[in-house]
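Listed in order, the protein sequences are those of chains X and H.
Its first residue numbered 1, the first sequence is counted upward by one per residue in this note's numbering.
Its first residue numbered 1, the second sequence is counted upward by one per residue in this note's numbering.
Partner residues are not named here, just some residues of chain X that face chain H (Cβ under 10 Å, in silico):
| hint | residue |
| --- | --- |
| 1 | Asp-144 |
| 2 | Thr-152 |
| 3 | Ile-155 |
| 4 | Val-156 |
| 5 | Leu-196 |
| 6 | Leu-200 |
| 7 | Leu-352 |
Quick look at which bits of chain H chain X covers, simulated, 3 or more residues with Cβ under 8 Å:
| hint | region |
| --- | --- |
| 8 | 111 to 121 |
| 9 | 134 to 144 |
| 10 | 148 to 162 |
| 11 | 165 to 177 |
Incomplete in silico selection of chain X near chain H, CB under 8 Å:
| hint | residue |
| --- | --- |
| 12 | Tyr-145 |
| 13 | Arg-147 |
| 14 | Val-148 |
| 15 | Trp-151 |
| 16 | Leu-185 |
| 17 | Ser-188 |
| 18 | Ala-189 |
| 19 | Glu-192 |
| 20 | Gly-193 |
| 21 | Pro-199 |
| 22 | Val-203 |
| 23 | Gln-353 |
| 24 | Gly-354 |
Calculated from the structure, these hints are not laboratory results.
The structure displayed is predicted, hence computed values, not measured ones.
No residue lacks a Cβ here, since even glycine has one placed at the ideal position from N, Cα and C.
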Amino acid sequence: MILACSMQLSLAGASNLPPEKPQFPTGVSSLNPGSELWREVRRRDGSGEFNEVNQGLLVNELLREMRSSQQMPQGTSQVEQVDSGVLINAQGKRWALFRMTTLVDYSAIAIAAIFIIIVLFFVVRGKVPIEGGLSGNVVKRFSDYERVVHWTLAIVFLFLAITGLILLLGRPLLMPLFGKDFFALLASASKEGHNLFGPLFLVSLIMMLISFGRRNIYEKGDLTWLLKGGGLIGKGHVSGGFFNMGEKTWYWMVILIGLVISISGLVLVSPNFGQSRVIMELTHIVHVVSAMILIVVSIGHMYLGSIGSEGALEGMKSGYVDIKWADAHHDRWGKHCHEQDLIVSAEEYARLQGQTGNISEPATEQGK
Amino acid sequence: MIEYLIDGPLWYFSLAVFCIGVVWQLGSIIFASRKTDLSVARDSATSGAVRTVFSRFLPHKEIAPQIRMQVIAGYMFHLGLFALLFFAAPHVLFLEEHLLGFGWTPMPHWAFIVSAQFAFLGLIMLWLRRLVNPVSRLISTLDDHVVAILTFVVMLTGCFALLEGSTALRLLHRFTVELWLIYFPFSALMHTFTFVPSRAFIGAWFGRRGIDA
Chain X
1 MILACSMQLS LAGASNLPPE KPQFPTGVSS LNPGSELWRE VRRRDGSGEF
51 NEVNQGLLVN ELLREMRSSQ QMPQGTSQVE QVDSGVLINA QGKRWALFRM
101 TTLVDYSAIA IAAIFIIIVL FFVVRGKVPI EGGLSGNVVK RFSDYERVVH
151 WTLAIVFLFL AITGLILLLG RPLLMPLFGK DFFALLASAS KEGHNLFGPL
201 FLVSLIMMLI SFGRRNIYEK GDLTWLLKGG GLIGKGHVSG GFFNMGEKTW
251 YWMVILIGLV ISISGLVLVS PNFGQSRVIM ELTHIVHVVS AMILIVVSIG
301 HMYLGSIGSE GALEGMKSGY VDIKWADAHH DRWGKHCHEQ DLIVSAEEYA
351 RLQGQTGNIS EPATEQGK
Chain H
1 MIEYLIDGPL WYFSLAVFCI GVVWQLGSII FASRKTDLSV ARDSATSGAV
51 RTVFSRFLPH KEIAPQIRMQ VIAGYMFHLG LFALLFFAAP HVLFLEEHLL
101 GFGWTPMPHW AFIVSAQFAF LGLIMLWLRR LVNPVSRLIS TLDDHVVAIL
151 TFVVMLTGCF ALLEGSTALR LLHRFTVELW LIYFPFSALM HTFTFVPSRA
201 FIGAWFGRRG IDA
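With the rest of the complex left out, here is chain X (with noise of 0.2 Å):
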């Protein structure tokens, strides 16, 4: 009876004590950015006790002022991260704003104009033909390694543009069309796969760099090719070396376009360099401003290598050109190739793709 009258004594005791306070490790201000805006809110409503209609109000105000601050309000985070102390990053949402609108409008607008300035070139221009046909007599224009280096290339821009155009274009084009499940499965599957490919893309731009670098240099002569338009407008072809000079303005368009997609790229796929998250979004916007400017030109570039100029492929198919395509276009390598004596017989060349006979490589001026 004495132990039961003690305990009920103490019990009643401990419900009149005042409850403890939180201890909280010394040096820490504030347990997140959320504290910041709550301790803001107490200040504003400077009556020190808790008012609900109040305070949801004031909370209201402040987030709307967050939001339409030109600059992130700083809060303190025990967390030690890049932008742990921002509660709320108004320009995130002006990026968000528009790289769901302006980007995805003008990289739409891009790509559908330049496949009808292609159609309509197509249907005026026709394909760019060799005056008085393909002789059969070629001429060593790229080796095996270069052209293995250039479809790398090519196959690796290729997969990161339409993974890269799935992500970026997928949500208002693809989503309508095969439901949001498919579309989830599609861009997790392109995000992997954009990641994984993008440094193999820096990596071919080093050896295109190595491999056709020194051809690629500006010469004498390449700016009247400019001046000509490069023979596409107006008739007859215009001078030009082994690159003439909207080849050599593609290449380098491609290697530093290329390195600025790279370097972005690399920017975005490893956040834990501290990167902040505005170095982020305008690190997107140039990547996909850049990515864009050489999708829209490669399919330009596709179009006059393949169906727009009689006998353009060949280059990069077999290694060989018709020694009258080196004449019209490149006329200056051509002239290089007839005192050089390095043009092949049609025959030979057959006989050099393995139609007939024993297969041996002919003396070339690469040396390769």
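With chain X held as given, fit chain H onto it using these hints.
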């Protein structure tokens, strides 16, 4: 239903075809009847076999400059694929849970990704070289192209399923692996197992005749 088929019966069927097919093919090579070599041995066949198995890992110096790309791409692809198959964390876990009952330390995720990139780049370059070089193109069969494309597809579906968050993508990868396993014993993929005995056979033949090749 499809999930049950791919994870169950098709997996066991493909595994059975792979194991029986490989054993059958290797057995038919090893136990094939050969004429007795009556020539007087000029040197040891065994040392010739061992020497050739290892010496073929490097190209002859006379032709090395011409085939530098194939050698580099070949090593990139084969070493990358080997690392992927046996040291990628999802594969180690799969082998432990479904086949072996034990596992080993997988490589870190970054190494997994780099291995995959090596393997992809090597495979693309090797296949392109097969297409662009007239001699390689002439001696290539349909099987060579099917093997390259099928292996690429298996790797690509694996790449798509990297997130390990989608059953459909995992099933797609597993299905292509099963097709690959079924095709394996009847194709050039058998070189995975035959390259050692074939090198040894040629090495022994040369060694016995005292040919240094």
